[in-house]
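Below, each chain spelled out in residue letters.
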Amino acid sequence: MARAESGTLGRRPAVGFVLPALVLIGVFLVFPALWTVYLGLTDYRLTGLAAADPQVVGAANYAEALGDERFRTSLWLTVQFVLGSAVLGQAVLGFAIAWALRDRRGPLKSLTEGLVLLAWILPSSVVAFLWIALLDRDGGTLNAILHTPGFAWLLDHPMASIIVFNVWRGTAFSMMLYGAALENVPPSHLETARLAGASTLQQLRDVVLPHIKGHVLTNLLLITLWTFNDFTAFQLTAGGPEGRSEILPVYIYNVAMSGGRLGFGAAVSFLVLVVNLVLAFGYLRLLRSRGEVRPS
Amino acid sequence: MTPVRHMLGTIGRAAFLALVLGFFALPLLWLASAPFDAHPSITASVPEFTLANFRALLDNPYALGSLRNSLIQACGSAALVVTLAALAAYALSRARVPGRDALLYVLLLLSSVVTGTAAMVPLFELATRLNLIDTHLGVVLTLSGGLLPAAIFILKDFMDATPTSYEESARVFGASPGQVLRHVVIPLVRPGLATIAVWAVAGVWGSFLQPFILLRDPDKAPGAVILYTLYTEGGAPRLDVISAFSLLYSLPVVVMYVFVSRRYGFRFHGGIKR
Amino acid sequence: MIALRGLTKEFPGGVRAVDSLDLEIGDGEFFALLGPSGCGKTTLLRTIAGLETPTSGRIEIGGVDVTGTPPGRRDVAMVFQDYALFPHMDVTANIAYPLRIRKVPRAGREAKAAETASRLSLSELLDRRPGQLSGGQQQRVALARAVACHPKAFLFDEPLSNLDARLRLEARTFLKRLQRELAVTTVFVTHDQSEALALADRIAVMSAGRITQLGTPSEVFRRPATTFVASFIGSTPMNLLPGVAKDGVLRVAGAEFPLPDGAPEGEVLYGLRPEYADLTTREPGEKGAFPGKVAVVENLGTAHLVTLECTDHLLQVVVPEGAEPPPGTAAWAVPRPGRALLYRDDTLVGGA
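Chains as they are written, first to last, in UniProt numbering: chain B, 1 to 296; chain D, 1 to 274; chain G, 1 to 352.
Chain B on its own, in the form it takes in the complex (with noise of 0.2 Å):
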């Protein structure tokens, strides 16, 4: 029937019911993220002179952020938190776990899925601590069951362990996604290939990925955007030792929390909006081009 969507509610009402929603959205959400910009453009510090008065110092903050030797090594232990744990870790784990999963049925699958959730659901605080009593220098279930006692996994490779972690506590999701996605590869096509004498690795190449491109695009992007943000690490390592495990999250806090030095923070920030803000349209743009937008 050509009859247009219809008008339930009343202009006025209408606003009137999105109007709250709007407000803390935009107390809350949105001036939060202008007022980066501007505080990125201060000395505005935590203490002393500069908290009374704060002066605007243009783009200093942002000058001195680049060639600050702490700034940069920030950025590439964050570029290989992100390619280590989310691009390389999670994504393929969860891959590969959800293909050697999908025909199967019974304990054996309930099981691996449940623990793979559990690790992805238990509160952050939670899994920081098992993974500092796993990790532990002294009585660590790891150090045990290698028989390396008094091998010291966060002292001595601070990144290694975070970016382990990260894939551990991370996977669930990927794992979710491609499951998903690979219910959705008719199994004839399968067939098919198998009947050709495809092997495993020419299956997935010619049959599997074709059709589960969009997905692994859309996951790619999200455990990216997620990883880049998550601020777990710091429960395990606080950044240390030495920065050696101060990923750009971390890296705010301490400078601008720890340190007082809320306007270089601020600063520093504004650039991880902008990261932030080319992940989503691309993840936005991909929901379009797919003819379906949901929220992440």
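Mixed in with the good hints there might be a few duds.
With the C-beta cut set under 10 Å, the calculated list includes, among others, these residues of chain G facing chain D [what the hints assert, rightly or not]: (1) G72; (2) A77; (3) M78; (4) P87; (5) H88; (6) A146.
For each label pair, taking beta carbons as the anchor points, the in silico distance ranges come out as [said to hold, decoys possible]: (7) B:E191 x D:R182: 51 to 57 Å; (8) D:T128 x B:L66: 25 to 31 Å; (9) B:L66 x D:P218: 36 to 42 Å; (10) G:M1 x D:S176: 25 to 31 Å; (11) B:R285 x G:D201: 56 to 62 Å; (12) B:L66 x D:L64: 47 to 53 Å; (13) D:D101 x G:E298: 50 to 56 Å; (14) G:A165 x B:R288: 40 to 46 Å.
A few chain B residues that face chain D, going by a derived Cβ cut-off under 7 Å, partial list only [claimed, not checked]: (15) F17; (16) I97; (17) P123; (18) S125.
Calculated directly from the structure, the hints in this document are not laboratory data.
Ideal placement from N, C-alpha and C gives every residue a C-beta, glycine not left out.
Dock chains D and G against the given chain B, drawing on the hints supplied.
Showing chains D and G alone in chain B's frame:
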């Protein structure tokens, strides 16, 4: 495929799954054993069974209080998010609001861009200026702002899937907009509201960064922050307290997760986490 | 009485769903809005209910101008195509809902609901939820909810379309009886011509937001005002054959008829319902018959639909049981006197 290749494939797959199980189970072993161990050590081991560790929680000045704080902050945020998101989603679903799609698009973008990490400085500043430091309200408002866009989006999906004839029918019988909402819309989308509530509670219950920044007073701090201070601050960590507390603090999230996935199925885009 | 004066509803984007429409529906009348999907009939019904605001024009219900009145204060009850029974309320609460809005105390409205339910043979179902009812039961609960609030008018949107074919006939009879008993002005929308013919006192056939023909079922069936109505009304569509009227003679598909007085000359469409012709296998002496060969015979149960291949055209005739000729036979279709219609420019210009 030759039988040998087939067998190798099966063995390879089994070995891989065994490794995966080991990798994911290993860190969790401690959480399963230590809380019930009479002498909990940092190593996971078969416990000498006791419940004394949970009694030790009672002696800790902050442990139980922090769970109450978590509850206040989580339920407060959930109530706020569900109420505001339901109103907004209803209006956006049912009224001809100009620029509605663009608005949703921008909100969606914002919710994924303005993370706690990226906005910790201005959020701290904002809370300071509004006198919200060391208040539950500060944590609730800050976290709700981040949860609202996705909540509106998911609920609008629910509302869109509900035929308008229900509301129109009520209107023809003379119901006012408020009555339509109370008598018809809310009961109809109750599963959606429950999902959002659980999703919000679980999200706030586990969040660490915002309360860590906004609360200095340990009497206000939620479980996430107290647990962190238990193992980072001062002296040898009390493993009995930490293990029992970790388990107690984790349970609600796991229960809620099971509830939502049993009841409504798991939708990971709008799912329980993020 | 419901009166519509110059009513227009234009949707954003310029679609005129209802186009300056005038209509008066009498007290107690059972009135059908009939037309194909997209003709504006549902929009018209929703505008009467107040769910759509007219772009221009006026609506009066019971002599009161309700054009600007919100839906709840027009004192009409509407039954939706999907019934819109609230799934979270039981049958009692559903039927009593309009009374709840009018702040009738609980005991009073539940008594009223029970009374209405018993009238519609729903007493056994009062504690059920809509999800536990069959389609026919749901439809009756929806009717009961409309009846319970004693409105000035009922508005039904495709009230029978969600029922399966067998149930539909039963529900149709029930609906007509209910409306007779209550004698409440009723407007209903349907795309099913047989439903409109069977139920309504008067029918408005709609097309593109306007009323093409307004009349009683027999008027609309016997003398469709346009070829659109002619082809829309009737279970078997009317035969419409091109013909030429010249010098007092009408020539159509190999047949010739004397042109009735007043009928214009020139090209016309000759309309004849399949029910209004007789088929014979013996050649009639006169020229007023369509000669042809039987192409297809379709069994309709108590009759047969015979498709005759005439010169250049196909002609369909309904033949009583047992009188159908086998395919391939030569046969003649003889129109019954006074039943054929002549159309020019899609408009009725006379009979033949």
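Right, here's what the structure says about each hint:
1. G72: With a closest approach of 3 Å, the G72 (chain G) hint holds.
2. A77: holds, 7 Å
3. M78: Check passed: Cβ of M78 (chain G) comes within 5 Å of chain D, closer than 10 Å.
4. P87: Check passed: Cβ of P87 (chain G) comes within 7 Å of chain D, closer than 10 Å.
5. H88: holds, 4 Å
6. A146: Hint on A146 (chain G): holds, closest Cβ of chain D at ~9 Å, below 10 Å.
7. B:E191 x D:R182: 51 to 57 Å: holds, 55 Å
8. D:T128 x B:L66: 25 to 31 Å: holds, 29 Å
9. B:L66 x D:P218: 36 to 42 Å: Given range 36 to 42 Å: holds, Cβ gap about 39 Å.
10. G:M1 x D:S176: 25 to 31 Å: At 28 Å between Cβs, range holds.
11. B:R285 x G:D201: 56 to 62 Å: holds, 58 Å
12. B:L66 x D:L64: 47 to 53 Å: holds, 48 Å
13. D:D101 x G:E298: 50 to 56 Å: For E298 (chain G) against D101 (chain D), whose Cβ atoms are near 51 Å apart, the range 50 to 56 Å holds.
14. G:A165 x B:R288: 40 to 46 Å: Holds - the Cβ-Cβ distance for A165 (chain G) and R288 (chain B), about 44 Å, lies within 40 to 46 Å.
15. F17: Status holds, d = 4 Å.
16. I97: holds, 6 Å
17. P123: holds, 4 Å
18. S125: Holds, because the Cβ-Cβ distance from S125 (chain B) to chain D comes to roughly 4 Å (cut-off 7 Å).
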